[in-house]
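Q: Here are the chains, one letter per residue:
There are 2 protein chains.
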Amino acid sequence: MNKWVYLFDELDQAEKHVGKIWDKVLGLLGGKGANLAEMTRIGIPVPPGFTISTEGCNAYVADGKFPDGLWDQVLSAMKTVEERAGKKFGDAENPLLVSCRSGAKFSMPGMMDTVLNIGLNDLSAQGMVKLTGNERFVYDSYRRLIQMFGSVVLGIPDEAFEEALEDHKREKGFKNDTDLTTLDLKDLTEKFKAIVKKVQGSDFPQEPYDQLRLATEAVFKSWNGKRAIDYRRATNISDDLGTAVNIVSMVFGNMGWDSGTGVAFTRDPQTGEKKMFGDYLLNAQGEDVVAGIRNTEKIAKLAKDMPEASKQFHDICAKLEKHYRDMQDVEFTIERGKLWMLQTRNGKRTALSAVKIAVDMANEGLITHEQAILRVTPEQVDSLLHPQFDLATKSTAKKEGRYLASGVNASPGAAVGQVFFDADTTEKKAKEEKLDTIMVRPFTKPDDVHGMLAAKGILTSEGGATSHAAVVARQFGVPCVVGASAFKIDLDHRKMMVNDTTISEGDWISVDGTTGEVFSGKLGLTAPSLDEQTDLLTLLSWADEICAKPDIRKLADGKKTRGLEVWTNADYPKDARRARSYGAVGIGLCRTEHMFFEPERLPIVQRMILAETPEARKAALDELLPSQRSDFEGLFEAMDDYPVIIRLIDPPLHEFLPSPETLLEEVVTMRVKGETKDLKKKEAYLNSVNALHESNPMMGLRGVRLSIYMPEIVEMQIRAIFEAAANMTKKGIRVKPEIMIPLTGTVKELEWVQPRLVAIAKTVMKEKGLEFPYKFGTMIEIPRAAVTAGEIAELAEFFSFGTNDLTQMTFGYSRDDAERNFLVKYVEEGILATNPFQSIDRDGVGKLMRMAVEDGRKARPDLEVGICGEHGGDPASIEFCHMIGQNYVSCSPFRVPVARLAAAQAAVKFRV
Amino acid sequence: MNKWVYLFDELDQAEKHVGKIWDKVLGLLGGKGANLAEMTRIGIPVPPGFTISTEGCNAYVADGKFPDGLWDQVLSAMKTVEERAGKKFGDAENPLLVSCRSGAKFSMPGMMDTVLNIGLNDLSAQGMVKLTGNERFVYDSYRRLIQMFGSVVLGIPDEAFEEALEDHKREKGFKNDTDLTTLDLKDLTEKFKAIVKKVQGSDFPQEPYDQLRLATEAVFKSWNGKRAIDYRRATNISDDLGTAVNIVSMVFGNMGWDSGTGVAFTRDPQTGEKKMFGDYLLNAQGEDVVAGIRNTEKIAKLAKDMPEASKQFHDICAKLEKHYRDMQDVEFTIERGKLWMLQTRNGKRTALSAVKIAVDMANEGLITHEQAILRVTPEQVDSLLHPQFDLATKSTAKKEGRYLASGVNASPGAAVGQVFFDADTTEKKAKEEKLDTIMVRPFTKPDDVHGMLAAKGILTSEGGATSHAAVVARQFGVPCVVGASAFKIDLDHRKMMVNDTTISEGDWISVDGTTGEVFSGKLGLTAPSLDEQTDLLTLLSWADEICAKPDIRKLADGKKTRGLEVWTNADYPKDARRARSYGAVGIGLCRTEHMFFEPERLPIVQRMILAETPEARKAALDELLPSQRSDFEGLFEAMDDYPVIIRLIDPPLHEFLPSPETLLEEVVTMRVKGETKDLKKKEAYLNSVNALHESNPMMGLRGVRLSIYMPEIVEMQIRAIFEAAANMTKKGIRVKPEIMIPLTGTVKELEWVQPRLVAIAKTVMKEKGLEFPYKFGTMIEIPRAAVTAGEIAELAEFFSFGTNDLTQMTFGYSRDDAERNFLVKYVEEGILATNPFQSIDRDGVGKLMRMAVEDGRKARPDLEVGICGEHGGDPASIEFCHMIGQNYVSCSPFRVPVARLAAAQAAVKFRV
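Protein chains in written order, with the working numbering: chain A, 1 to 912; chain B, 1 to 912.
Same shape as in the complex, but just chain A:
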């Protein structure tokens, strides 16, 4: 006979069934049940009860009925609970009441059903009155049971009960539920019973075990309710986990002034401070604490009110923290002086407090540095480095009544701006009038993207975490709240209503994409500095230490090595300096062409491109050389003693020229107007620009192809780089230039171009009379380069994955085009799990990357391998880079701390 039911003191049997792995126990008993059992095991007072396992749920869901033995086991467990509680289920004298709550492996707040006060009926209500001496409370509980049971178990619309309640209040002239007297509640109890009878055709079940059975079935069924399924879809929770059901004897905090109830965090979830944080009420129910009907007391005061229970509570909390080695979020009730713990779980916390708690607990010896690293998410680190609303500001705004509503926190970050209700206006106001804008729409569509990109923040009233707005916003890093359904958007009148407030177009609002909150008006933003965040600095230093362990990782060839280094993508000295201060230990990508776009240089660049003779081209390049050289000098200085990877010119030349459409318009206008002056010249210019036009520029004349087609440009760049390096060497800077050739597809390209460039490098060093170390390497961003990496590594001393292009070519997705049409639909429809431009597609692109690293290292065992695409700052991608044995990731300066943490997490997760 299968065991479906586990008393809270039968955790050992659960472990016998699934093994002593906490994750498996969680899978069997659900989070709530497992923790209640765990508390029971370590001697913490938990009301007697038991858990019906997720296996029971799955069996029920599969067959539509309880599996053999389940109900018998429930009956037997109830006997034990009765004995332990010293009460009897449905008893007229000393009745036992129980709650029936869902509890899945992963918390799904509010998604599934709960029934409280089971066991109340006409008879046991009498018994409860005797026990509590509080008739009003008993009948309030009874009518609530009927309502809850009616709606949850019997599927009677809740409105039926609510209407009856409202009618009764109206008749009596009452405003609040608290106005109801004992008699009113008795009356309502009867009315509610009548509703059940009418809708259901049978009486509200007086038999307590019928109540319990039906409630249990209802909870099982709620696993496959629409709400629950939608939630699982959105949060990637598997459908086959099932939920457990916890049957717990009810305890009451409202049995007099020697009773009470409260919730608490064992440390401050806002700041992380090591101080109990929570509220309680004497002579009250759990609901009262949450509902805010009475003013709660700070948990510190409990020591005065009930010194003994308070001490016990503090001891228990300390014990729980030590036991779970994490900050706990607990619920407790004191019934007639006796403390009962009703729940414990790891507490949710802000980014700030996550870091402090992790560091503190490590320092307290509760957890190791490696565990501390895993306690903070990369997203939390990111949020600590981006502008945000501080808690005080939000708290003040709430007190001022400026909090409007919340939605789904779809894309983190804080935004303050003026509301506009369509993409065109949003973009226009942002671009032309330089306004800070918040784009507000019921939902967004692909043709809204230009507005979303121009906005500081995005707010929608519909859609979830994977809606178009959410996906696009996350992708472009625009703070975004979606599905904030409290907002009623009236596009025709350019306004929106939320509760009693009306927001018109142009009004200011503040949107917190990290929490989902929306406020009216302008909330102050704080831009935190890393230097002041000592706990974060400590945590990151631990991250670096972990990555630096020389044997933490095993490569494909069996050799052991350190974890990832974190480098940065920086084109300018100021970026390099910031990144270095954030912990970057190299530049993984300096895009030299950015230097060509600077206003004073662009005309020279255009002259160079359109030159009709090699001499004219050379002359223009000679003009560019000094500025390129000084660019590089600044970089080398900023990155003293660190490697600096400089990528030779990459983009197609037409990017430096005006658009042919603009020129065509001008030419046609001149022609029609008969303006012959300068027409020929303009036409010739148009022709030159058109000659450089390509049907698919992304796959055209760029990168190394351009260097072979027109070698003069890279020859100038190499000279500039090595002259700069030599000049800096003379100043005592330790330069480590690494020259990166982009878009290589075959080793023959390197064979053609690399020796020519090495020759120039050597010439310059000879001219300058000194030597310094340097490397030549290549981007791996063309699928063919990944496929033939073994050959390429014969010449290339390093690889750097250009995962943007590699993703483009491997999928055949033109990024610009795809993201404004089918890609969003693909993510929405689940054809793509995530946008592959955000996080590396491990099965496709990743397979090519793994191949390239392994084949490359076979040819050149000390091959340096990194990544410089945008994926270099994405935690999931960083983990993958660690797995395939890369040496470093390179990301934007602001992402460096995030990457350091993610790199360490990967090292811990996969440590050998």
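To be clear, the hints were calculated from the coordinates, so they are not data collected in a lab.
Do not take every clue at face value.
In this list, chains with the same sequence are indistinguishable; a pair is considered to hold if it fits within one copy or across any two.
Claimed, not checked - Here are the simulated lysine to any residue pairs, SDA-like style, with alpha carbons at most 25 Å apart:
1) Lys88 - Leu686
2) Lys680 - Met670
3) Lys681 - Leu663
4) Lys825 - Ala691
Everything numeric in this text was worked out from a predicted model, so none of it was measured.
With chain A fixed as given, assemble chain B onto it according to the hints.
A: Then chain B, alone, in the frame of chain A:
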């Protein structure tokens, strides 16, 4: 001591050194030497001689001097030759003369040096006079030796000798060399000696062994002469092969009327007829036969002139054919009644004769069917199916003096057209005036490509087989002759001179890209029919038989299977019928969008694309359905009982719309002119078209992405296909539709779209009340599809490689853009061995293909795999498709016979 020198009867020793593999023997002794030795071995009379091996050459080239022992071995071999010839080198009475000829593994005609008559000096000349009684001949030979030795060995410019000769003739008033008397030649001999002395500072070497040694060194050195290196580059012959040197005792056919010399083919090299074909002259030298000074005799007449020698010669030829099992090209000399064979080699032949000889020899039992298959190149089959000039026409034209000159045969096929000297004019005349044009340029550049594409043929006076013109022409199948330097092109005056002829712009010429010949005027073209070419039909039937053997090929999983089938790419019934008559056994690609481009349908298609509501789109699609259905009906009927793969719509939608540039011009013109009428409408149209614009359409919204984005189109297509199939089934046609989904990159795309389409297919079959077999499959043309083929094969019942796109994405080359800029340079510079759009890049694209086949078959062992890119008709690519285990190749109808041969050749080459 290494053996460097092999007497002609020491073939066994050569085989001992390199093994009994003919290819290795050829590598050691060169083609000429190996065949002389082979003839010696089988008892055919060959003048005594020996070969200095290619190893000797390589050692000499490496060290700049003969390796140890080489010269001693030469001296020793000369002793043997003297004994066998019964003559003595440099003797005054009975002198032995020898020739010193290069002979590499692969024939490099005219690329390396030869010195004849070595051993002649003042003394032996006397001896020769005694031997031959022909003093004039002896001194003519002597002065030729000095000239040849002077220019080849001593590097004296040939002009020095030619001038002396001309001066002498002028003094004497002679016109021809034949006017020179014995005295004149004696005089010239002295004059030539003086030239040597003057330029060289020393006498012409009288010592025969000095002559021999210096000549041998000269031949070795000529291996690295510029001409030879260029030739090797062009023909992909490796530089490290080296050349052998053959030292052969001279025999003379001009020792009286019992002597003679000739050349012959053992079968007719033009027609393949089994009849000796050749010419000879009595009392003459080899040169005389070639030079055409005297009228040669047909070889048949030899039987009358010298019955005994003739019989011996015919016997020898029969023996050689039987021995080599191929048609031989032989040289012979009869010296005083004694027949000597001077050379034999497999004879070059026309395509026609190649086919006939292969079939005849197989029927004669000389070779197997498999060997016959290998005797004909796919290019030869191709040439038999394309319009060409027949030999009679060309022969007549030559007699009429219309042959102008020859160049490099860069792209096969015959073209007749009017000459134009620039790309713009060529294109204009071709497009606007519908003229047949031949574009003539000194050389071509990327911006000439539009002219090349519009031309029937291309002629350049510069460049070689890998020049821009050659590469582009081959790629687009335009007949082309390059490097025809006899043509002096005067672009300024729009004319060209060749010898005495002037061709002006607009004049007609005829260009034979297969042979390199150029004629003035219009030569008649013959378009051969396959039906009449019975030998070719026989050969192709053998090819099919070989491929059909069920165990000829071993797959990656070890299973044995048949060779490739040949299918065809056909969009219309007439193409399908032609392909079927050419032997295609399936349609591998029907491009449904071609049907959308037909003039009467395009407006409906545009209406469909720009529809603003699903209803409007549906209405337009309903209009298109009947015509699509009837298209498919025709195809199914034409391919009764064969599979027909229909690809769902693939191209991006904007391809069906007018260009935005044109619309922009119109809009701007209307705006400037103030034409407000229709402006709004035109602007809206421009906006709609612009909305569909993509930066990189090749990687944009097309293929399955379009089907997911706008499923209505493919839903209509599926209905049309299955209605057509049902209608044809009712008519008794055995339909086998296979639906191909293009541009798949992840199996999730198939999971989304395929069930929807299968549902429609089932609905239609239910409506029609019948069933027929069908398949759903996918193109593999996105690198990610190849990388994740195992997953994709879970759904796809067949794969078809779209190697055009797969090559584009794997290399990241936009085909249109690349081919007009860097790709040509890449091929010229050797960065790419061949244009990867012409022949599959085995290392990169091919590696992905192999992976896809293997992973796909693991998931679905009976997975049908084919190819429908243009590579499907390229023999090297077909070989690769065979190697990786594909089931079929699909190519254009005209290439089907070529592909059948290539498939069989691959099967033979890799047979298990």
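Q: It remains to establish, for every hint, whether it holds in the given structure.
A: Right, here's what the structure says about each hint:
Taking the shortest Cα distances, lysine 88 and leucine 686 never come within 25 Å of each other, neither inside one copy (93 Å) nor across copies (80 Å). Taking the closest pair of Cα atoms, lysine 680 and methionine 670 come within 25 Å of each other both inside a single copy (10 Å) and across two copies (22 Å). In the homo-oligomer, the alpha carbons of lysine 681 and leucine 663 lie at most 25 Å apart both inside one protomer (11 Å) and across protomers (23 Å), since each shortest distance falls under that limit. In this assembly of identical chains, the alpha carbons of lysine 825 and alanine 691 lie at most 25 Å apart only when taken from different copies (17 Å versus 36 Å within one copy).
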